[in-house]
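Asker: Sequence:
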Amino acid sequence: MQVSEQQIAIGQHLTLSLTSWGRLGEAMAEHQGTHVFVFGGIPGERVVAEVVRLHRRYAAARVVEVLEPAPSRVEPPCPYYGECTGCQWQHMSYSEQLAVKREKVSDALSRVGGFTDPPVTPVVPSPGQLGYRNHARFTIGPEGALGFVHRETRQFVRIDRCLLMHDGVNQCLTSLQGKCMETTQLSIRAGQETGDTLVQPTLIEPTITIATGQKSYLDSIEGQKFRVSSPSFFQVNVEQAAQVADTLLQNLDLKSTDVVLDAYTGVGTFAVLVAPHVKKVIAVEESSAAVADARENLGGLENVELVLGKTEEILPNLEERPDVVILDPPRAGCHPRTLQSLLSLASPKIAYVSCDPETLARDLKILCEDIYVLDQ
1 MQVSEQQIAI
11 GQHLTLSLTS
21 WGRLGEAMAE
31 HQGTHVFVFG
41 GIPGERVVAE
51 VVRLHRRYAA
61 ARVVEVLEPA
71 PSRVEPPCPY
81 YGECTGCQWQ
91 HMSYSEQLAV
101 KREKVSDALS
111 RVGGFTDPPV
121 TPVVPSPGQL
131 GYRNHARFTI
141 GPEGALGFVH
151 RETRQFVRID
161 RCLLMHDGVN
171 QCLTSLQGKC
181 METTQLSIRA
191 GQETGDTLVQ
201 PTLIEPTITI
211 ATGQKSYLDS
221 IEGQKFRVSS
231 PSFFQVNVEQ
241 AAQVADTLLQ
251 NLDLKSTDVV
261 LDAYTGVGTF
271 AVLVAPHVKK
281 VIAVEESSAA
291 VADARENLGG
301 LENVELVLGK
311 TEEILPNLEE
321 RPDVVILDPP
331 RAGCHPRTLQ
341 SLLSLASPKI
351 AYVSCDPETL
361 ARDLKILCED
371 IYVLDQ
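In the numbering used here, the protein residues as written are 1 to 376.
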């Protein structure tokens with residue numbers, strides 16, 4: 001059903017009972033037959049929400065008053081919360097955030113993957129809930145201001161300090177604020193332990209006192225330094241990435257005779273951390289910039305074979321069957337040809353690192369239809 005302004009109007013205040021979570025972290029409600037996705041709400045609450053945008057099949061709104069709060073509601077620590085939609089759940093306790101994330105993974109595995117009672121363990125909390133993020137991409141607003149854009153209204157919000165960002169990012173932000181008229185987007189990266197920074201693009205404004213236009217910077221995970229060039233992906237929460245790597249090592253029970261396939265290796269993060277424990281790592285990556293970084297990051301490791309190419313094109317021609325496969329694809333998940341190749345290879349163990357529960361569930365459904373069993 002299409003939403004019309006006769007039913008709901010932008011700016012209108014609605015009294016709503018919130019029932020469940022939406023896919024992007026909003027709370028859901030219904031008003032006169034129309035689905036309303038409410039930013040800043042928690043299922044079980046009764047709120048007054050202002051409509052901020054009308055979509056074809058639903059309305060988007062934001063909480064302006066909480067009539068009946070949930071027990072997990074807390075005061076958001078960020079002064080920009082609500083204006084900036086970069087964070088969705090600062091109004092909810094961290095323990096509840098973790099519980100909801102676990103529920104969303106379990107729901108995706110059941111609904112999309114078809115798994116009955118999927119074995120989803122409790123979410124491992126991040127060592128830091130604030131100040132952990134090593135990368136931000138800012139929009140440039142009026143008079144060279146740096147900030148973010150509201151997801152629904154598309155309004156620019158100037159940000160002078162982001163609580164999610166590592167101090168190095170915020171220091172660059174302070175130095176550049178109000179001086180970036182020569183571009184429309186700006187990327188800032190900062191190494192948490194290295195103190196290294198990368199600011200792109202190059203800025204020539206004479207009042208800017210920090211270096212810009214670096215081609216790469218150094219970051220680190222568990223004391224291992226990684227070169228990351230501007231086009232390359234790197235984990236934004238390095239302490240949590242270290243916990244992911246530790247989980248892989250603990251659960252894969254790697255042997256010194258194992259051959260490991262590290263698909264979507266990026267700058268070689270898992271390849272570097274796994275290589276000392278196994279006979280050989282075959283690391284596959286399609287980005288030439290990331291492969292150049294990975295080659296630098298491998299250093300003296302002689303048991304890693306680095307392959308430039310798309311995973312779906314490399315796997316069908318793989319000359320040896322790996323004992324263990326590590327998958328870390330982008331948000332879109334694995335290409336169908338990758339999944340078919342994995343079924344043909346029939347490696348004894350696969351570890352799948354995912355940033356999207358829906359595509360994870362889709363891919364696991366294919367892998368577990370025949371030879372694999374979802375263990376954890």
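To be clear, the hints were calculated from the coordinates, so they are not data collected in a lab.
There could be a bad hint or two in this list.
[As the list claims (entries may be wrong)] Pairs of lysine-lysine, DSSO-like flavour, derived with a Cα cap of 27 Å:
(1) LYS310 to LYS279
(2) LYS349 to LYS101
(3) LYS280 to LYS349
(4) LYS255 to LYS101
(5) LYS179 to LYS225
Asker: Work down the list of hints and note, for each, if the structure agrees.
Answerer: Do the hints match the structure? See the list:
1. LYS310 to LYS279: holds, 24 Å
2. LYS349 to LYS101: Given pair LYS349, LYS101 holds - Cα atoms ~25 Å apart, limit 27 Å.
3. LYS280 to LYS349: holds, 15 Å
4. LYS255 to LYS101: violated, 32 Å
5. LYS179 to LYS225: violated, 32 Å
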